[in-house]
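Chains as they are written, first to last, in my numbering: chain A, 5 to 332; chain B, 4 to 910.
Think of the hints as simulated: they come from the structure by calculation, not from any bench.
Please note: incorrect hints may appear among the correct ones.
With a Cα cut of at most 20 Å, we get these calculated EDC-like pairs of lysine to aspartate or glutamate [what the hints assert, rightly or not]: (1) B/Lys301 / A/Asp111; (2) A/Lys154 / B/Asp383; (3) B/Lys235 / B/Asp292; (4) B/Lys259 / A/Glu163; (5) B/Lys263 / B/Asp285; (6) A/Lys56 / B/Asp285; (7) B/Lys856 / A/Asp110; (8) B/Lys235 / B/Glu115; (9) A/Lys102 / B/Asp873; (10) A/Lys102 / B/Asp383; (11) B/Lys479 / B/Glu559; (12) A/Lys56 / B/Asp790; (13) B/Lys782 / A/Asp199; (14) A/Lys228 / B/Asp383; (15) A/Lys56 / A/Asp90; (16) B/Lys419 / A/Asp110; (17) A/Lys118 / A/Asp199.
Chain by chain, the residues:
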Amino acid sequence: MKRVYRLAGVCAFLLGGAAAAAAAPAQQVGTAKALLDKDFVCTTCHDASSPKKIFSIYQTRHGNRADARAPGCMDCHGPSDKHIKDPGTGTDVVFTAKSKHLSAADDRNASCLKCHDSKVLPRTNWMGSQHQARGVACSDCHNIHVPDQKVMSKATQAEVCFTCHKAQRVQTRRISSHPLAVTGLGTTAKMSCSDCHNPHGATGPTLLVKNTVNETCSTCHAEKRGPFLWEHAPVVDSCVNCHTPHGSANAPLLKTRVPWLCQDCHSGDHGNQVNSAANLLGGNVTTVNGQQQLGAAAPRAQTGARACLNCHVLVHGSNHPAGAKFQR
Amino acid sequence: MKTHTNGFTKAVWGTAGRGAALAIALVACAHTAAAQTAQEATKPISAVEFGGTDVSDGAYKAGEYNGLQNKGGLGIGHFDLRGGAAYNDDSALRWRIKGADLGLDTRSLSGEVGAQGVFRFNFGFDQLRRNRSDSYQTPLQGAGSNVLTLPGGWQVPTIAGSTATNNVVNVLSARGLLTTIGTARYINTQTNSATFTGLLTPTAGQISSVSAASLTDVPAFQNYNLHTTRTKFDLAFDYSFDPRWGVSGEFRPEHKDGVKPMGTVSRNTGGDISTIIPDVVDTNTYQTDMRVNFRGAKGFAQAAYYGSIFKNNVPFMQWQNWATGPTATGAINFGTAVVNTMSSTPGNQFHQFSGSGGFNFSPTAKLVVNGSVARNTQNDSFLADSTTPVVPVSSLNGLVINQSFTVKFNARPAKKLSLTAGYKYDNRDNRTAVHVFQYSDAGEAPAANTSFVAGPSNPLGAVLAQNANANRAYSKKTNQANGEADFALSSRQWLKGSYEYERNNRDCYSSWISCADAAITNEHSLRAEYRATLSDDLTVRVGYTYSARRTPNYNENAFLALVPYTNVSPAAATGGATAYSVMVANGWTGWGPASGYAATTGNMNMFFPSNNALANAMYGNLNRISELPGMRRYYAADRNRDKIRTSATWQATDELSFQGNVDYNKDHYADAIYGLQDTNTWAANVEGMYAVATDLSLSVFYTYEDLTAGSAGNTYTANSNTATLTGALATTIGLSGNSCDGFTTLQQRNNNNKLDPCLNWFTDRIDKVNSAGVTLMGKEAWDTKLDLTGNFIVTRARSDNTVTGGNWANNLLMGPGAAPTTTAAYFIAASALPTVSTDTYELRLNGRYAVTKTQALHLAYTYMRMTSVDWMYEGMQFGSLSGILPSNEQPFNYSVHVFGVSYVLSF
């Protein structure tokens with residue numbers, strides 16, 4: 005029955021969409037020709053034989069000439085009168101990273117923001133964002149001339165981000181990580197950086213896609229959102245109090261290993277005990293009387309296996325009336 | 004994790020042989036190339052790829068997220084189909100359907116159709132399998148369901164031993180599953196025995212019982228592979244009524260199922276025991292986004308709704324107690340099953356309405372405002388049983404209101420100067436009602452607390468179980484303001500300075516007393532950054548941030564919010580005294596007076612007997628939950644933070660470039676006597692890139708990371724006046740390699756347990772990670788039709804943990820009549836834990852040979868290897884921990900070759 009409902013929902017969605025499409029304003033005849041005529045100033049020289057794949061922009065959204073909003077060459081590169089007269093000089097705005105004529109980041113961004121500030125896919129929070137403030141340009145990550153931009157694909161986006169974020173690159177290779185790294189056949193990563201971060205600016209900390217760390221994490225980990233009957237204060241405060249999301253040597257994505265992570269906050273009852281190699285299997289300590297085991301005649305449970313999480317497993321919150329100790 | 008390191012050569016040639024045969028067959032289908040035209044350069048290219056892959060060995064960790072967890076052949080299937088109007092057509096209609104990894108458990112499918120600028124529809128399907136363990140074992144039957152039972156004939160595992168009540172017995176212990184431990188000699192604890200404290204050899208009956216249990220139980224442990232799968236769907240649309248107005252929406256249902264390991268608590272006569280059970284996951288999450296957009300020449304505005312509904316289809320987990328039954332003599336057949344239950348994560352809903360807008364006052368001045376209000380609820384029925392005699396409501400009816408508001412103003416008053424000012428407000432307002440819940444621990448019969456009986460002086464009612472706890476509805480409010488100025492010193496140099504102030508308020512709705520360790524924290528941050536393009540080839544950046552967070556009044560009594568009976572006068576108290584009133588009158592926390600042993604009377608003896616910590620029963624709790632004085636929880640404690648960021652980029656030649664950066668972070672918790680003291684992290688990276696030719700590049704990197712965290716604690720126990728060990732006259736104590744206090748007798752030590760400096764401990768955790776990699780990328784490399792990419796990455800992680808301090812242990816080899824000078828207790832020094840190491844290697848080679856312009860052969864080879872050593876797994880094996888049923892999980896070790904060959908057709 006659930007499947008029937010789902011199917012019905014999909015059909016309704018598509019039918020609604022079709023109706024919306026039918027009601028869409030008609031596109032104007034001649035739009036493409038008018039835009040292409042403007043491009044012709046440039047494509048006279050920069051044709052399909054150009055070593056740079058300039059023409060492939062026509063496979064992209066920016067090159068969709070039936071959309072009157074789509075930019076022409078000079079909308080981004082500027083009128084470039086000097087360049088037209090003397091091809092040896094650069095265009096008014098140069099985006100090629102290794103070019104000696106490379107324009108300043110603000111100038112390159114101004115070209116993009118002519119449309120993307122408010123009119124098309126507005127990047128409302130760009131100004132003042134961490135990337136903008138550090139001189140990152142749109143074209144540092146985007147190459148709008150190619151149909152499959154690396155940064156727009158889940159499989160390759162992280163490669164682009166890791167160009168600057170080197171620490172995160174290796175963190176994704178640790179024994180505990182989110183599926184950000186491309187592994188195996190290398191065909192796809194199962195997460196992209198932009199699942200959590202909005203590189204164009206955001207209201208949350210560290211460019212997170214939601215207002216807070218916890219709201220962001222809950223988009224995938226909704227089961228940890230609560231509210232629970234028994235809340236754990238540091239969890240409510242911020243997931244990153246305990247977790248380091250890009251990768252860790254301590255599973256699962258923990259800043260440090262349990263039991264010490266727990267003992268950083270808990271010193272009562274059995275949480276106050278010292279945990280060391282003396283507590284491990286075979287951890288007898290030599291005394292003047294010979295071998296003697298610390299404490300009970302068995303390794304300490306809090307030092308072994310899952311440590312505190314052997315018993316206190318519901319650390320994200322419990323909804324059992326007897327769950328105040330996060331055991332049930 | 005299974006180990007697969009043998010048969011290397013056989014595996015490689017086996018997979019290579021199968022791949023080569025398929026490659027030859029596919030090449031035979033190829034045709035000749037043709038020249039590309041301008042029309043082709045502008046036409047979207049479609050492609051279909053199919054083939055096969057062979058995995059040399061099954062290893063869950065190697066295939067953790069990539070679908071390659073099983074040995075054997077798998078299909079390769081990708082397609083990318085594009086169509087619609089040509090670029091020079093007046094129709095903007097285009098469509099695309101894309102599929103990837105169709106032969107794997109990580110397959111995905113997506114598609115879109117739209118007339119650009121008018122409408123667009125998207126759909127998506129994505130499957131993500133996460134492998135958790137292929138070495139997990141359990142004797143529980145029914146794995147994959149939420150009801151787990153022990154096999155028929157299960158016997159309680161035991162070890163040979165004796166008791167102070169002068170019996171030779173078998174003692175319940177999971178260590179006995181390894182019979183060499185279960186039947187080993189043991190210390191005689193029979194106080195009336197002539198060989199008291201001597202070593203005893205188990206009797207034939209004891210050995211028989213241990214062996215019988217082991218022989219029955221060990222074969223019952225079966226492998227059960229643990230993995231979960233997320234299946235995501237996605238439907239989205241975007242429609243523009245005109246260039247200014249538009250709507251968009253997205254619906255993302257997701258189903259997650261599978262099994263993961265989960266620790267659980269059961270009870271036996273000696274205390275709590277643990278079982279790592281296969282926990283069933285079966286959940287649905289539905290996320291919805293709806294937006295109305297206004298796009299103007301000078302501004303943008305959006306009104307939006309975001310909804311997220313989480314549903315859990317597993318109501319609870321239930322399992323049988325592996326230690327149930329009388330344990331006094333020998334092995335016991337599992338007859339009367341004691342069943343334990345664990346609640347499942349409750350379903351919840353989150354509905355958020357938001358608005359945002361940006362307005363450009365001028366080309367150099369912009370204001371952006373964002374605001375949202377969300378309602379987060381949860382009302383699943385509680386799971387009550389005989390251990391919960393007082394459950395005042397049947398469900399939580401939980402409600403959290405989340406409010407957020409940000410405003411940001413940017414201006415460039417001069418060409419060289421940029422200014423940003425911002426304010427942010429976040430409020431998680433938990434309005435869930437507070438009730439008092441009473442319960443006993445898992446499997447334990449509730450027992451009434453005679454100190455709190457029903458009556459007019461007890462407004463909260465009688466305490467019927469060992470724990471009487473009130474829920475704490477945590478709220479947090481953040482106010483943050485910041486200002487930043489960026490000044491161009493020259494055309495190539497910039498200086499940035501910023502200041503940020505953040506204030507956090509924390510409290511609990513309707514709590515009888517403040518629940519917050521830090522009701523208020525204030526943090527001031529100053530940042531300076533210098534960026535420069537020193538030459539055409541060299542750019543540098545240096546930044547420093549200093550933050551100081553202060554908590555005006557750290558509250559060491561925040562735990563009282565959990566235990567409201569602290570504010571109720573016990574039946575025997577005089578003058579209506581409560582635990583709280585006594586604490587306040589004396590200025591104590593729950594830890595009690597900081598002095599040695601003293602005989603106490605009256606109320607003092609009731610609440611703080613013998614100058615000890617607050618008696619648990621006097622606040623209606625089974626366990627001591629007060630913290631050490633001086634413990635500061637790091638997320639709310641005073642903190643000084645230093646951050647340094649440096650980076651440089653050098654384009655040495657047109658072909659050769661280098662990048663390098665060093666980052667340093669230090670957090671210091673100045674007021675924390677106990678708890679986290681410091682964290683230090685630093686990382687250095689260097690990378691070189693060399694363009695061998697126009698279409699062939701090589702890059703090499705090395706990264707080093709060092710993370711250190713230091714914590715302090717104290718293993719104090721209650722003071723006592725005990726002068727001798729039971730049954731012995733021994734009174735002296737001995738230090739082993741650590742002279743930390745001046746106590747010489749057992750009584751002195753026991754009198755001063757709360758003050759004994761020997762009980763202080765400190766730990767330094769150090770993670771060091773070395774990573775290096777080489778990447779080769781060649782497009783039509785060496786003037787051939789071969790596109791080649793190669794990656795080799797090696798990561799070497801080492802985790803060390805030094806521990807200083809130690810603990811006292813009574814001399815187990817102490818018998819009646821021992822001389823008073825015999826050492827009664829030894830100080831056992833803590834020692835460093837073994838190094839945890841993980842080495843990973845991954846080599847990926849991808850070659851794509853263009854047989855014709857439209858056809859290609861794709862060859863892929865991947866080698867994945869991991870070796871890890873981790874002492875944590877020792878506690879999961881037979882014969883290790885007494886109270887935890889082994890799961891026999893193994894550290895991750897694998898060596899896997901993957902060979903793939905596929906045919907690519909482009910059109």
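Hints versus structure:
Distance restraint check for lysine 301 of chain B and aspartate 111 of chain A: the Cα-Cα separation of roughly 19 Å lies within the 20 Å cut-off, and the hinted pair is therefore satisfied. Distance restraint check for lysine 154 of chain A and aspartate 383 of chain B: the Cα-Cα separation of roughly 44 Å exceeds the 20 Å cut-off, and the hinted pair is therefore not satisfied. About 15 Å separates the Cα atoms of lysine 235 of chain B and aspartate 292 of chain B, which keeps this hinted pair within 20 Å; it holds. Among the hinted pairs, lysine 259 of chain B with glutamate 163 of chain A is inconsistent with the structure: their alpha-carbon atoms are about 28 Å apart, more than 20 Å.
Taking the CA atoms of lysine 263 of chain B and aspartate 285 of chain B, the gap is near 11 Å; set against the 20 Å cutoff, the hint holds. Pair hint lysine 56 of chain A plus aspartate 285 of chain B does not hold up; C-alpha atoms about 51 Å apart against a cutoff of 20 Å. Taking the CA atoms of lysine 856 of chain B and aspartate 110 of chain A, the gap is about 40 Å. The hint is violated against a cut of 20 Å. A distance of roughly 16 Å separates the Cα atoms of lysine 235 of chain B and glutamate 115 of chain B; the hinted pair therefore holds under the 20 Å criterion.
Annotation: proposed proximity of lysine 102 of chain A to aspartate 873 of chain B is violated, straight-line Cα distance about 46 Å (limit 20 Å). Distance restraint check for lysine 102 of chain A and aspartate 383 of chain B: the Cα-Cα separation of roughly 59 Å exceeds the 20 Å cut-off, and the hinted pair is therefore not satisfied. The hinted pair formed by lysine 479 of chain B and glutamate 559 of chain B meets the criterion: a straight-line CA distance of about 18 Å does not exceed 20 Å. Straight-line distance between C-alpha atoms of lysine 56 of chain A and aspartate 790 of chain B comes to about 17 Å, which keeps the hinted pair within the 20 Å bound.
With a C-alpha separation of about 30 Å, the suggested pairing of lysine 782 of chain B with aspartate 199 of chain A is violated against the 20 Å cut-off. At roughly 14 Å between alpha-carbon atoms, lysine 228 of chain A and aspartate 383 of chain B fall within 20 Å of each other, so this suggested pair holds. For the suggested pair lysine 56 of chain A and aspartate 90 of chain A, the alpha carbons sit about 19 Å apart, so the restraint of at most 20 Å is met. Proximity of lysine 419 of chain B to aspartate 110 of chain A is assessed by CA-CA distance (about 12 Å); at most 20 Å being required, the pair is judged to hold.
For the suggested pair lysine 118 of chain A and aspartate 199 of chain A, the alpha carbons sit about 26 Å apart, so the restraint of at most 20 Å is broken.
Hints 2, 4, 6, 7, 9, 10, 13 and 17 from the earlier list are contradicted by this structure; the remaining hints agree with it.
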